Amino acid sequence: MNALLKVRTLGHRYGQRVGCEDVSFDLYPGELLCIVGESGSGKSTLLNTLAAQLAPTSGSVRYRQRDGAWLDVGSLNEADRRRLARQEWGFVTQNPRDGLRLNVSAGANVAERLMALGERHYGRLRNIARGWLERVEIDPARIDDMPADFSGGMQQRLQIARTLVTHPRLVFMDEPTAGLDVSVQARILDLLRRLVHELDLAAVMVTHDLAVARLLAARTMVMQGGRVVETGLTDQILDDPQHPYTQLLVSSVLTT
Amino acid sequence: MTATLMLELRDLGKSFELHQQHGAHLNVLRGVNLSLHAGECVVLSGPSGAGKSTLLRVIYANYRTSGGAVYVRHDDRWLDLASATPHEVLDVRRRTLGYVSQFLRVIPRVSALDIVAEPLLRDGMDEHEARERAAAMLRRVNIPERLWALPPGTFSGGEQQRVNIARGLIVPRPILLLDEPTASLDAGNRAVVAELLAEARAAGSAVLGIFHDEAMRDQVATRLFTMQALEAA
Numbered sequence: 001m002n003a004l005l006k007v008r009t010l011g012h013r014y015g016q017r018v019g020c021e022d023v024s025f026d027l028y029p030g031e032l033l034c035i036v037g038e039s040g041s042g043k044s045t046l047l048n049t050l051a052a053q054l055a056p057t058s059g060s061v062r063y064r065q066r067d068g069a070w071l072d073v074g075s076l077n078e079a080d081r082r083r084l085a086r087q088e089w090g091f092v093t094q095n096p097r098d099g100l101r102l103n104v105s106a107g108a109n110v111a112e113r114l115m116a117l118g119e120r121h122y123g124r125l126r127n128i129a130r131g132w133l134e135r136v137e138i139d140p141a142r143i144d145d146m147p148a149d150f151s152g153g154m155q156q157r158l159q160i161a162r163t164l165v166t167h168p169r170l171v172f173m174d175e176p177t178a179g180l181d182v183s184v185q186a187r188i189l190d191l192l193r194r195l196v197h198e199l200d201l202a203a204v205m206v207t208h209d210l211a212v213a214r215l216l217a218a219r220t221m222v223m224q225g226g227r228v229v230e231t232g233l234t235d236q237i238l239d240d241p242q243h244p245y246t247q248l249l250v251s252s253v254l255t256t
Numbered sequence: 257m258t259a260t261l262m263l264e265l266r267d268l269g270k271s272f273e274l275h276q277q278h279g280a281h282l283n284v285l286r287g288v289n290l291s292l293h294a295g296e297c298v299v300l301s302g303p304s305g306a307g308k309s310t311l312l313r314v315i316y317a318n319y320r321t322s323g324g325a326v327y328v329r330h331d332d333r334w335l336d337l338a339s340a341t342p343h344e345v346l347d348v349r350r351r352t353l354g355y356v357s358q359f360l361r362v363i364p365r366v367s368a369l370d371i372v373a374e375p376l377l378r379d380g381m382d383e384h385e386a387r388e389r390a391a392a393m394l395r396r397v398n399i400p401e402r403l404w405a406l407p408p409g410t411f412s413g414g415e416q417q418r419v420n421i422a423r424g425l426i427v428p429r430p431i432l433l434l435d436e437p438t439a440s441l442d443a444g445n446r447a448v449v450a451e452l453l454a455e456a457r458a459a460g461s462a463v464l465g466i467f468h469d470e471a472m473r474d475q476v477a478t479r480l481f482t483m484q485a486l487e488a489a
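Sequences listed follow chains A and E, in order. In this text, residue positions in the first sequence follow the working numbering: the first is 1, and each later residue adds one. In this text, residue positions in the second sequence follow the working numbering: the first is 257, and each later residue adds one.
It should be emphasised that the hints constitute simulated quantities derived from the structure, not laboratory data. The hints are all genuine.
Mimicking SDA-like on lysine to any residue, the simulated pairs with C-alpha atoms at most 20 Å apart in a straight line are: (1) K6(A) - R227(A); (2) K6(A) - P342(E); (3) K6(A) - E344(E).
Bear in mind that the values here come from a model prediction, so they are computed numbers and not experimental data.
The shape of chain A in the complex, shown without the other chains (with noise of 0.2 Å):
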């Protein structure tokens, strides 16, 4: 199988400072790939230059685009990369207001991204609208209120239908799922483990929560300083960690 995602040596430094460094990893389609750390362990700023909002200040990030060919990430012009994050890729932020339009319908929302892509018409847009709201179990009947009107957890479902609507080849997730109260996050968890499995999506998702790698994810890197310090299977990790910060993670978690 062909790689989508190609990443070697990349670093982002701001100033003198390191942000990450040294990152190396292939992604393949269909393959949810946690990056899981502290906080300040670099992995916001490594997910921010994975998906060109961050300019790499070291190595490359190449990315196999739906025609086949191989674009370097790190050197696109803004029209190329407006049109990858439109087309082909998709980025669900940690606050979901961040990531939808506030002063617009949750229909809009959902539309919007479709639009974007040239459909125009209006009952189709709404129709899928409808469909994706459903999906992410919202009340259809809400189509026409304001995202600000809805919970946390209800934003961050709309902001994934939003984002889903496309079908994006590759997503990237900044804590989807932080800040969410436990009982809305098992339910945005499962949601996502399903489209996962529906979609075939290729994601890179970064977490400080091990139970969200150990859900969703085959493969998990742990990074510390700014470093990849342990990378394999998820499972591997958290049952048989090497690295002496992924052995205090894995020991520092509450089982009930």
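With chain A held as given, fit chain E onto it using these hints.
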């Protein structure tokens, strides 16, 4: 006729380095050699602490090896799981190597029926047929129909274990690793599991398992593999 060799362990070793416990070093396995053939059921025996569960986890690549090799026959070629890439390990687990532990990993909101149907769906079976096969399997392990639509989080230990077995055996993989899958089952349900294992073996599966119950062990084992605890290093 000689049965096909499915799994071969060569000089396998496993130790743990516990960095949070002042670098404590635990040797659990050393120099383990074992061959497993299609159609046989080898039962690991030995005292608690002899490394039986660890051995199964190392074979499944849930634990990494510290030395030696885990050769698995995968698509009629040999692959050493100790040096395989994560993608190769995942492919072996998907098609060749099954592992049933003592405990069901419960996922919130996923019903017992869907848990059992999942391996079939992952193999590409259509949803309707997969659900029917899963229902038949749950009936076989005596899970009452009123429970099928519920997530097993609230089930009894024995019920969870039977859901786990149903899931683990619904697609009989060529190599099956079983870690005490019958620990909290009554005699009737143990007999059902013994029957399922006999069917899997007849279909060519090679089984390697841990069964503490002696009657169960005598019933399913074609051979015992005895393990001893290593003295503290």
